[in-house]
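Asker: Take a look at the letters that make up each chain.
Protein chains: 2
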Amino acid sequence: MKRRENHSPLAPACPIPPSKGDVIVIGHGSGGRLTADLVGRVFLPALSNPILDRLGDSAELTVGGSRILFTTDSFVVSPLRFPGGDIGSLAVHGTINDLAVAGGRPIAISASFILEEGFPIEEARRIAESMRAAADSAAVAVVAADTKVVERGKADGIFVTTSGIALAPEGLELGPERIRKGDAVLVSGPVGDHGIAVMSAREELEFETALTSDSAPLNGLVAAMLECGGRAIRCMRDPTRGGAATVLNELAKAGGVEIVVEESAVPVRDEVRAACEILGLDPLYVACEGRLVAIVEELEAEKVLAAMRAHSMGAMAARIGTVAGSGVGRVVLKTPFGTSRLLDVLPGAQLPRIC
Amino acid sequence: MKRRENHSPLAPACPIPPSKGDVIVIGHGSGGRLTADLVGRVFLPALSNPILDRLGDSAELTVGGSRILFTTDSFVVSPLRFPGGDIGSLAVHGTINDLAVAGGRPIAISASFILEEGFPIEEARRIAESMRAAADSAAVAVVAADTKVVERGKADGIFVTTSGIALAPEGLELGPERIRKGDAVLVSGPVGDHGIAVMSAREELEFETALTSDSAPLNGLVAAMLECGGRAIRCMRDPTRGGAATVLNELAKAGGVEIVVEESAVPVRDEVRAACEILGLDPLYVACEGRLVAIVEELEAEKVLAAMRAHSMGAMAARIGTVAGSGVGRVVLKTPFGTSRLLDVLPGAQLPRIC
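Protein chains in written order, with this note's numbering: chain A, 1 to 355; chain B, 1 to 355.
Derived by calculation from the structure, the hints in this document are not laboratory data.
From a predicted model like this one, the values you see are computed outputs, not experimental measurements.
Each hint should be verified, as a subset may be incorrect.
What the hints assert, rightly or not - Here are the computed distance ranges between Cβ atoms for each label pair:
no.: 1; chain 1: A; residue 1: P79; chain 2: B; residue 2: T212; range: 39 to 45 Å
no.: 2; chain 1: A; residue 1: A315; chain 2: B; residue 2: L172; range: 48 to 54 Å
no.: 3; chain 1: B; residue 1: A210; chain 2: A; residue 2: R41; range: 46 to 52 Å
no.: 4; chain 1: A; residue 1: K303; chain 2: B; residue 2: E173; range: 45 to 51 Å
No residue lacks a Cβ here, since even glycine has one placed at the ideal position from N, Cα and C.
Starting from the given sequences, assemble the full structure and let the hints guide the process.
Answerer: Right under this line is the structure:
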């Protein structure tokens, strides 16, 4: 079982704590433990404030009497185009989803482009058009933009940074501090499609698959879930870098609870499973860009799951686990063989530059 | 007079209109005509909507009954540190100023970092601390952040993208459509300090100067101006890439007016003038990062100018020109010799990667 191997040959074997003389390594962009180290030891201490310190998918602010959500993400995916999307649609979906999983109704997006000298203008146009289509599908507009150019060899074609604003949900608090023992753990669809689709588009690791990325806006699905489940929905996260295993760990740690995941209940497409075995990856750590993990009060879980399945973005939603205890923040995986093991955060990157 | 030369040897000699097969050139990042071409022919047609199409320093939105401003900018300045600042403080000031010149009271900032493998972590920490200090000085916090990492040779140390939200000024409309014949043109201080300070820090063009960048937050100055001038202030812009000449052209074109600038009235430090003569640059095209240009109703202009001079960020404020006519969007420069010439937008970059 290759899937038991928690780090790929691409990732450093152990975490490197930053100290004087240390430099950035690829694993610092993994979304795993090295990323958490970098954020926790460098950026958070410098920029610390009560809102940033929460480390949510988006920040909640009060502006002129309204509660709004605010988020930002840079996108450096390589290659720029992959089955099911490109850096433009990915950037828009990523920002919409960070707002959506906090329950927000997206209002506006900004986009900033860093272009490398020599980048084809036709390609920039295609990416912009792809952003427009992605924004339209979530009924949101790109209202502010910027472009910068650097010399050849000082960037990698194009980098896109999107930020977004949403109206926070009225009368609804979502957050890991609301997680309770007995809650159900739901996922909105098969995991790992995005990561494997991007890998399949990389020249150096080409293999045959009809797989497309799951990159998609989740605001419609979230609206349907909130309409059905309301306050029974404790919190949600979108499992991007680091995959479902990493966000489950973030939720378990932030909520101070033990989450038990049934490995056999986790939806994984056959193509993803096969690719993961070849690459020595665990699908639970592979990025999604159109999925969410939700922690829902047990009593309402079946109803919410049914609502998810009734929505086009949640047709293959599944219950994958339970909040089994409190007091210790960790994730335990129950294997089909009846054994259990800790599903920890990986130190570095399984798949670099996946978003 | 070297200053009459409108393009440096670094810039392409003439504008290259984007068409099929064309690629990004350094001049597309200049803030001048090539940037306008790229935005106008590629990004705007794809992303077009009434808010983005205004091409203001920030976008105005209504969110839950409140009017807010929203802006974004990427920073790719080289070198990362220069006299008077670094990429971190520059990014924060740049975003605060885009909000401030629209009359906004900055509420929150986001920051997204693209890091190159091998970048010193100590340097990342210094940049984050510099951002914190810059944000503190404008009483605003960085509430959302992201970090991404790319392989060595795929970026240039660190790129920073900041976005910002402000509360729009109540009962106040600022915009170039409000400019009228007879209005006064004010600038808040000497022009070109930032661009020349960055150039002085570049190895290849080192020259002796004690000059520091003017990079600074303008929200305090704007608050003082609005308190004094109110609706007499027609509109403001911060002359970053492309300098004062470029923003004056933007205002003249957007307002459909002719602006006449008295060259001898434009405050320019001796060091900047000397460096510009050596480099063959015109200070009117050199970037500032802590200055603003304001168009003010003639009757209130002296009062507003006095308020600017009473503020630490406007001690050397000056009246540099007048709105001389309407119907044609252009800027005319009256030289000390009594002659006049068109002060046009440059095609490409005088100084690449200045912000």
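Asker: Quick one: which hint numbers does this structure break? Sort them smallest to largest.
Answerer: 3
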